[in-house]
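Participant: These are the residues of each chain, in order.
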Amino acid sequence: NAGVTQTPKFRVLKTGQSMTLLCAQDMNHEYMYWYRQDPGMGLRLIHYSVGEGTTAKGEVPDGYNVSRLKKQNFLLGLESAAPSQTSVYFCASSYDNEQFFGPGTRLTVL
Amino acid sequence: DAKTTQPNSMESNEEEPVHLPCNHSTISGTDYIHWYRQLPSQGPEYVIHGLTSNVNNRMASLAIAEDRKSSTLILHRATLRDAAVYYCILELNTGNQFYFGTGTSLTVIP
Chain A
-14 NAGVTQTPKF RVLKTGQSMT LLCAQDMNHE YMYWYRQDPG MGLRLIHYSV GEGTTAKGEV
46 PDGYNVSRLK KQNFLLGLES AAPSQTSVYF CASSYDNEQF FGPGTRLTVL
Chain B
25 DAKTTQPNSM ESNEEEPVHL PCNHSTISGT DYIHWYRQLP SQGPEYVIHG LTSNVNNRMA
85 SLAIAEDRKS STLILHRATL RDAAVYYCIL ELNTGNQFYF GTGTSLTVIP
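For the protein sequence lines, the chains are A and B, in the order given.
Numbering follows the working numbering, in which position 31 of the first sequence is assigned residue number 16; successive positions increment by one, without gaps.
If you want the working numbering, it's the position in the second sequence, counting the first as 1, plus 24.
These are computed hints drawn from the structure, not numbers from a lab.
Even for Gly, the Cβ is constructed at its ideal location relative to N, Cα and C.
A portion of the hints provided could be inaccurate.
With a straight-line Cα cutoff of 30 Å, these simulated BS3-like cross-link-like pairs (lysine-lysine) come out [said to hold, decoys possible]: (1) B:Lys27 <-> A:Lys42; (2) A:Lys42 <-> A:Lys(-1); (3) B:Lys93 <-> B:Lys27; (4) A:Lys56 <-> A:Lys42; (5) A:Lys55 <-> A:Lys(-6); (6) B:Lys93 <-> A:Lys(-6).
To spell it out: a stretch of chain A is covered by chain B in this simulated footprint if at least three of its residues, at any positions, have a beta carbon under 8 Å from a beta carbon of chain B; those stretches are [said to hold, decoys possible]: (7) 23 to 37; (8) 77 to 85.
Just chain B, same shape as in the assembly (with noise of 0.2 Å):
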């Protein structure tokens, strides 16, 4: 069973927000959530993570909803080097597993 679900896909126009949305309704209180984003033909890179309150980095923001399950990554501006698949992941303190979802490809339109 997916432990996250994403909607397949997104666009974004160029220098606008993007708000990438997660369910992850099964989570437990000390389950992680990590986002990573992957470009073709090369592996996952690392985006931002959280546990409960919300994060921010240079790269985004992750905003976690209150009961946690549910979280949203969003990029400020997007740019077209942004255009990627973006993985929400759950880490399960059981073990360091990483469970990704099936991810939500998102193209910036110039």
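Chain A with its partners taken away, still in its complex shape (with noise of 0.2 Å):
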């Protein structure tokens, strides 16, 4: 099994450009969730989903859009990107209490 994925795990864009950040995971887990992280803090939630189909904001959705249309994969869309995201992006899936995270995708907003 290769767990969760991240494509692409590295990624530069300039300010206004926007890009779609892919998660995948093979576990058949129900809930899927990305997280993103800033120098020195912990992970904050920023959209998740409890199957397919279905998606939920986090405590930072602003500026992101997810999708869910198969079970095994979750997207992170940034329509306009701002210097303010960022970040190291995380996703994960969860199953009886445990997450499982992806490696991360390191994303710069110029």
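The two chains are supplied separately, each in an independent frame; assemble them into the complex guided by the hints.
Facilitator: So this is what it looks like as structure tokens:
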């Protein structure tokens, strides 16, 4: 099992550009999450999904959109990137109170 | 507002026990307490979780205060591989959302 994978690993954007981060899991988990982690801080929840076709807002959802069209994939979109969205983004899936995290995507917005 | 507070850093000698404290004074009766750890450039990794009773697993023990306003993660014999940032997390039962603290950076001294 690959577990949770994230694409891409690194990305540099210019202010105003858009992009989509892809998270995939092969563990058949219902729940999936997107977090961001800023330097010296813990992770903060952006959006999450409790099943295919459902999404919900987390702690810091502004400026992001998500979609869960297939159970194994959870996409995070930035429609118009801002420097404040420079961060490391982590995806996770969960089962039975345990979350499994991907390796992260480091995004820089210039 | 931070839902959990932890010391920024702690040190331990190798092969000695480590007690990592966490305060969560606003916890409600149905909120779970989780601990995860994060190595540099990796996603967080599950350590342990509990609700009311003390918990043990192969990695660690979790001691929860009787009023549930604080908890302590106990590593019984620290090894060099235990050097990481340890996060105390509340899982609110209102939406499967994790609220991370700022974490404790554990240094293990050989």
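Participant: Tell me if the straight-line CA distance from B:Lys27 to A:Lys42 falls inside 30 Å.
Facilitator: Distance of about 18 Å is within 30 Å: holds.
Participant: Are the Cα positions of A:Lys55 and A:Lys(-6) separated by 30 Å at most?
Facilitator: Holds, at about 21 Å.
Participant: Are the Cα atoms of A:Lys42 and A:Lys(-1) separated by 30 Å or less?
Facilitator: Satisfied, since the Cα-Cα distance of roughly 26 Å is no more than 30 Å.
Participant: Within a Cα-Cα threshold of 30 Å, do B:Lys93 and A:Lys(-6) meet the stated pairing?
Facilitator: violated, 38 Å
Participant: Apply the coverage criterion to the region 77 to 85 of chain A and chain B: a residue qualifies when its Cβ sits closer than 8 Å to a Cβ of the chain, and three qualifying residues are needed.
Facilitator: Held - the region 77 to 85 of chain A has 6 residues with a Cβ nearer than 8 Å to chain B, which meets the minimum of three.
Participant: Mind checking the alpha carbons of A:Lys56 and A:Lys42 for me, to see if they're no more than 30 Å apart?
Facilitator: With a Cα-Cα distance of about 18 Å, the restraint between A:Lys56 and A:Lys42 holds, given a limit of 30 Å.
Participant: For the pair supplied as a hint, B:Lys93 and B:Lys27, confirm whether the alpha-carbon distance does not exceed 30 Å.
Facilitator: Given pair B:Lys93, B:Lys27 holds - Cα atoms ~11 Å apart, limit 30 Å.
Participant: Count the residues of the region 23 to 37 of chain A whose Cβ falls closer than 8 Å to any Cβ of chain B, and tell me whether that reaches three.
Facilitator: As far as the region 23 to 37 of chain A goes, the hint holds, because 8 residues have Cβ atoms under 8 Å from chain B.
The structure is inconsistent with hint 6 alone, although it conforms to all the rest.
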